[in-house]
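Chemist: First to last, the protein sequences are chains A and B. Residue 1 is where the first sequence starts when you use our numbering, and the numbers rise one by one after that. Residue 744 is where the second sequence starts when you use our numbering, and the numbers rise one by one after that.
Derived from the structure by calculation, the hints contain no laboratory data. It cannot be assumed that every hint is accurate.
Stated by the list, open to error - Distance condition first, Cα-Cα at most 20 angstroms in a straight line; then the derived PhoX-like pairs of lysine-lysine: (1) A:Lys233 with B:Lys896; (2) A:Lys233 with B:Lys753; (3) B:Lys890 with A:Lys234; (4) A:Lys234 with B:Lys753; (5) B:Lys896 with A:Lys229; (6) A:Lys206 with A:Lys386; (7) A:Lys206 with B:Lys753; (8) A:Lys234 with B:Lys896; (9) A:Lys252 with B:Lys902; (10) B:Lys902 with A:Lys233; (11) A:Lys229 with B:Lys753.
In this text the structure is predicted, and so the values were computed from the model without any measurement.
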Amino acid sequence: MKTTRRDFIKISSIGAGTIAVGTPVLNFITSNSDSQNSTDDSTSKRYPTYCEICFWQCAGWTYTNKAGAIWKITGNKDDLHSNGRFCPRGTGGVGMYNDPDRLKTPLIRVTENGKQVFKEASWEEALDLISDKLKTIGEKFGHECVALFSHGSGGKYFGNVVKAFGSNSISAPSYAQCRGPREVAFIATYGQGIGSPEPTDIENTKCLVLIGSHIGENMHNGQVQELSKLVDKKGTIITVDPRFSTVASKSKFWLPIKPATDIALILAWINVIINEELYDKKYVEKYTYGFEQLKAHVQKHTPEWAYGITTIEPHIIRETAREMAAASPSVIIHPGRHVTWYGDDTQRLRTVAILNAILGSWGRRGGFYFPEGIHLPDMSIPNFPKPKKTWKDAHPGKFVLADLALASGICDATVPGHDKSCNYKAWIVNGTNLISTLPNQKNTLAAIEALELMVVIDTMPAEITGYADVVLPECTYLERYDLLRTSKHKAPSIALRMPAAEPKFNSKPAWWIAKELANRLGLGEYFPYNDITELLDWQLKKVGSSLEEMKKIGVKKLDREFDDMYLIEGEEFEFNTNTGKIELYSTSLEAEGFDPLPNYTSHPQPEQGFYRLNYGRAPMHTFTRTSNNPNLTDLMSENSLWVNPKVAKEWDLKNGQKVWLKNQDEVISSFPIKVRVTERIRWDSVFMAHGFGQKDKRLSKAYGRGVSDSELITHVDYDPIMGGTGMRSNFVTFLTENPHDNV
Amino acid sequence: MRYGMAIDTKKCVGCSDCVVACQTENNIEHGYARDWITETIEGIYPSMELEFRSERCNHCENTPCVRTCPTGASHIIEGGIVKVTHSECIGCGACIESCPYDARYFHTEGWVDKCTFCDHRVANGQDPACVSVCPTYCMYFGDLDDKNSQVSKIIATRKWKVLAPEAGTKPQIFYLT
Numbered sequence: 001m002k003t004t005r006r007d008f009i010k011i012s013s014i015g016a017g018t019i020a021v022g023t024p025v026l027n028f029i030t031s032n033s034d035s036q037n038s039t040d041d042s043t044s045k046r047y048p049t050y051c052e053i054c055f056w057q058c059a060g061w062t063y064t065n066k067a068g069a070i071w072k073i074t075g076n077k078d079d080l081h082s083n084g085r086f087c088p089r090g091t092g093g094v095g096m097y098n099d100p101d102r103l104k105t106p107l108i109r110v111t112e113n114g115k116q117v118f119k120e121a122s123w124e125e126a127l128d129l130i131s132d133k134l135k136t137i138g139e140k141f142g143h144e145c146v147a148l149f150s151h152g153s154g155g156k157y158f159g160n161v162v163k164a165f166g167s168n169s170i171s172a173p174s175y176a177q178c179r180g181p182r183e184v185a186f187i188a189t190y191g192q193g194i195g196s197p198e199p200t201d202i203e204n205t206k207c208l209v210l211i212g213s214h215i216g217e218n219m220h221n222g223q224v225q226e227l228s229k230l231v232d233k234k235g236t237i238i239t240v241d242p243r244f245s246t247v248a249s250k251s252k253f254w255l256p257i258k259p260a261t262d263i264a265l266i267l268a269w270i271n272v273i274i275n276e277e278l279y280d281k282k283y284v285e286k287y288t289y290g291f292e293q294l295k296a297h298v299q300k301h302t303p304e305w306a307y308g309i310t311t312i313e314p315h316i317i318r319e320t321a322r323e324m325a326a327a328s329p330s331v332i333i334h335p336g337r338h339v340t341w342y343g344d345d346t347q348r349l350r351t352v353a354i355l356n357a358i359l360g361s362w363g364r365r366g367g368f369y370f371p372e373g374i375h376l377p378d379m380s381i382p383n384f385p386k387p388k389k390t391w392k393d394a395h396p397g398k399f400v401l402a403d404l405a406l407a408s409g410i411c412d413a414t415v416p417g418h419d420k421s422c423n424y425k426a427w428i429v430n431g432t433n434l435i436s437t438l439p440n441q442k443n444t445l446a447a448i449e450a451l452e453l454m455v456v457i458d459t460m461p462a463e464i465t466g467y468a469d470v471v472l473p474e475c476t477y478l479e480r481y482d483l484l485r486t487s488k489h490k491a492p493s494i495a496l497r498m499p500a501a502e503p504k505f506n507s508k509p510a511w512w513i514a515k516e517l518a519n520r521l522g523l524g525e526y527f528p529y530n531d532i533t534e535l536l537d538w539q540l541k542k543v544g545s546s547l548e549e550m551k552k553i554g555v556k557k558l559d560r561e562f563d564d565m566y567l568i569e570g571e572e573f574e575f576n577t578n579t580g581k582i583e584l585y586s587t588s589l590e591a592e593g594f595d596p597l598p599n600y601t602s603h604p605q606p607e608q609g610f611y612r613l614n615y616g617r618a619p620m621h622t623f624t625r626t627s628n629n630p631n632l633t634d635l636m637s638e639n640s641l642w643v644n645p646k647v648a649k650e651w652d653l654k655n656g657q658k659v660w661l662k663n664q665d666e667v668i669s670s671f672p673i674k675v676r677v678t679e680r681i682r683w684d685s686v687f688m689a690h691g692f693g694q695k696d697k698r699l700s701k702a703y704g705r706g707v708s709d710s711e712l713i714t715h716v717d718y719d720p721i722m723g724g725t726g727m728r729s730n731f732v733t734f735l736t737e738n739p740h741d742n743v
Numbered sequence: 744m745r746y747g748m749a750i751d752t753k754k755c756v757g758c759s760d761c762v763v764a765c766q767t768e769n770n771i772e773h774g775y776a777r778d779w780i781t782e783t784i785e786g787i788y789p790s791m792e793l794e795f796r797s798e799r800c801n802h803c804e805n806t807p808c809v810r811t812c813p814t815g816a817s818h819i820i821e822g823g824i825v826k827v828t829h830s831e832c833i834g835c836g837a838c839i840e841s842c843p844y845d846a847r848y849f850h851t852e853g854w855v856d857k858c859t860f861c862d863h864r865v866a867n868g869q870d871p872a873c874v875s876v877c878p879t880y881c882m883y884f885g886d887l888d889d890k891n892s893q894v895s896k897i898i899a900t901r902k903w904k905v906l907a908p909e910a911g912t913k914p915q916i917f918y919l920t
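Looking at chain A on its own, in the form it has when it is part of the complex:
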């Protein structure tokens, strides 16, 4: 086997036994055999936090038991994200803290006897090494050649370091691999993106339309809660999904669409609503631009036309369109979240934005509300230097409407041999396992191989850490302060995260790591505080609170400045678009040479013997972030492959049988996956939950459990508008015998 400069180092090869373990918190669990509960809420202490298991960032309380060990986490009743109820992942967040496989001390890649291994290092040694290397790279290649990939709270601190250093290449896979197309589509239409949490007024809606969005399997907490209330009220739910998702089973209409044909269905809905004059005429006239062009454009998109493409019968298309119109304006065509499917995703989300607009749901009760947040003042820091090259130079002339850096774009620009004006030489990776989050792993590994330096900061030995030059152990969110949560919602609020325990092992909070790194790079003035609590207290006092108060209440709800959650009847409103109107006909897309009105294009369907690889969420996990969490693996320890019974019969597959998967590019899964024969999936697709099949043995609970969908996503359809990576045109077939000779 060829040795590369950057061999994958299994972190398990270091002497784990020599590392001191932290507080043995599990002891009390087995010592309480007679009193069934040694701890209850009256004898415990609680500390405010907001969750870091997913981006919903629910605020809650971390409880410690009499021994001072972390016991449980519950929601904060004053929090609009959680309403006092955490989802399974948040409740199981204690497992992130207790996980015995956590990264414990800084690690540096060294070569011993011709073999690359990780050496345990002190923080001084590791940080000195990083700053020395960054300085050298900056001098040799330019300061713009450093990029940050992040997901989660640490991004702000490391982003500060990278910007101060002279680069603006700060990316998160949550954009080009996830929600980017919807942001661009809604900006093109309404002059405003969707943001997070989505400002969908589900609790007041009469009709919710979900297109491939599986609320209830994705546990976007507030949305799941509101969905449940909608079920209680017997509101209409229309679900479009080739899979009989959980929410499909709770829907008045389930449209089992042929995969990759959604745009045809949505155009047909628009056709019916316009031609039957069911649209919100006043709203369309007052607020929109390009209605006549839209009307002319959709004339060919009849339900009969769409039937031949989508397999959804014309009368169902009409009936569901009328149902939406009857609920108008209290109707939501949900924009979804992970929407990078087929490469024409911005245009698909444009059809969603347009449908909402003609039904008058934007800015209306039961539709989309206008969220409000609070802006906290920042301590004064010097201006950031202006980089000579920006992240846009990673893909000159392409993806011009991307409003945030593309993780995939930076990755591609790192691979040598490309004619690009900015080649990246150093990556800082925080809280995102790029091996699983970026498509086309071969490409990602080629990029990593070309780097002069890769630093990974994480709590867990995620697969990406195996390729790092330096690994830094971050403490979990339950052991640290972070910046205040100020996300927008129906009302502004502030939420505090504070530690409920000391950091375990030799782990440190991200703010401290970033500040120490900045000091070494001579950029200390960009962190104008000694301890982050100084910043938090300073910010809170500026808005009439204090750290002391927030420690007691956790969440501070504020009043909206104005009563402007919805448009007022007849209100004059200028949208942030070229025309000042909601652009049904997009002038900004037209100016860049893209279709100003969305069109349907067909996408490949599986060849004989192959099945579309459909992937999604399981409610108990957040991707690889939780795949080793001892509490959550207890609920679900591996993914399974959903196979329709007809397909199973053809292949003679039995429930629970292990199969390996091979994709259209001959890539074979590293591990087998158990077949789940179920009517819940179409015969032309298979389905698995994302985030499993981890290859790092140090993840003792996740290693080799199930299959990684990412590994099989080698075909990518790029969205020409904003660079989203469409990942749903990959096809797999079954291998019933072990194709690997090493097992």
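With the hints as your guide, set chain B onto chain A.
Modeler: Here is chain B on its own, set in the frame of chain A:
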């Protein structure tokens, strides 16, 4: 006083939050659980029905587990909650065999463990952990003897079923359908 629970299968999404909340609240060892999720699917694509149920001890009125217990470790407390006194349990397993719901298991220390309806929380006026955490608000807990309790009211107005009615155990958990 008769504690019982109603669980709305129309709202439950099978997320298992009730399971992990019970595990943390009650310090259940990894690998064990006092409640669990069942999924049933009927029909053929594309005409199907899907039901999720959060299941646990039914705190039956007619309790084979208590009847078969040779030491009196399995017993019924105020409100009809079925409990096990660990120090009196000899781990014979008769209760496990007699339970039609598979609601009991051997703790690694040898005694038999099961759902307590979080009686330590109920005593403080709180709902059981599973009910408190549920993000779909699909569980209702309360006094079935009180006609005005939320759980009594919802059972009076909605269709419901109990599990394994043929076992004659008179379970006190009602699944709204």
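Chemist: Taking only the CA atoms, is the gap from Lys234 of chain A to Lys896 of chain B under or equal to 20 angstroms?
Modeler: It holds: about 19 angstroms lies between the C-alpha atoms, which stays within 20 angstroms.
Chemist: With the threshold set at 20 angstroms, check whether the alpha-carbon distance from Lys233 of chain A to Lys896 of chain B stays at or below it.
Modeler: Holds, because 17 angstroms separates the two Cα atoms, which is no more than 20 angstroms.
Chemist: Between Lys206 of chain A and Lys753 of chain B, does the CA-CA distance stay at or below 20 angstroms?
Modeler: Given that 20 angstroms is the threshold and the Cα spacing comes to 18 angstroms, the pair holds.
Chemist: Next pair to validate is Lys233 of chain A with Lys753 of chain B; report whether the Cα-Cα distance is within 20 angstroms.
Modeler: Within the cut-off at roughly 11 angstroms; holds.
Chemist: Below or equal to 20 angstroms on CA atoms is what counts here, so check Lys234 of chain A against Lys753 of chain B.
Modeler: Satisfied, since the Cα-Cα distance of roughly 10 angstroms is no more than 20 angstroms.
Chemist: Given the hint that Lys902 of chain B pairs with Lys233 of chain A, does the C-alpha gap stay at or below 20 angstroms?
Modeler: holds (16 angstroms)
Chemist: For the pair supplied as a hint, Lys206 of chain A and Lys386 of chain A, confirm whether the alpha-carbon distance does not exceed 20 angstroms.
Modeler: violated (49 angstroms)
Chemist: Does the alpha-carbon distance linking Lys890 of chain B and Lys234 of chain A stay inside the 20 angstroms limit?
Modeler: violated (25 angstroms)
Chemist: Quick one, are Lys252 of chain A and Lys902 of chain B close enough, alpha carbons at most 20 angstroms?
Modeler: Holds - the C-alpha atoms of Lys902 of chain B and Lys252 of chain A are around 19 angstroms apart, at most 20 angstroms.
Chemist: When you check the alpha-carbon spacing of Lys229 of chain A and Lys753 of chain B, does it fall within 20 angstroms?
Modeler: holds (11 angstroms)
Chemist: Within 20 angstroms, alpha carbon to alpha carbon, are Lys896 of chain B and Lys229 of chain A?
Modeler: holds (18 angstroms)
When each numbered hint is compared with the structure, violations occur for hints 3 and 6.
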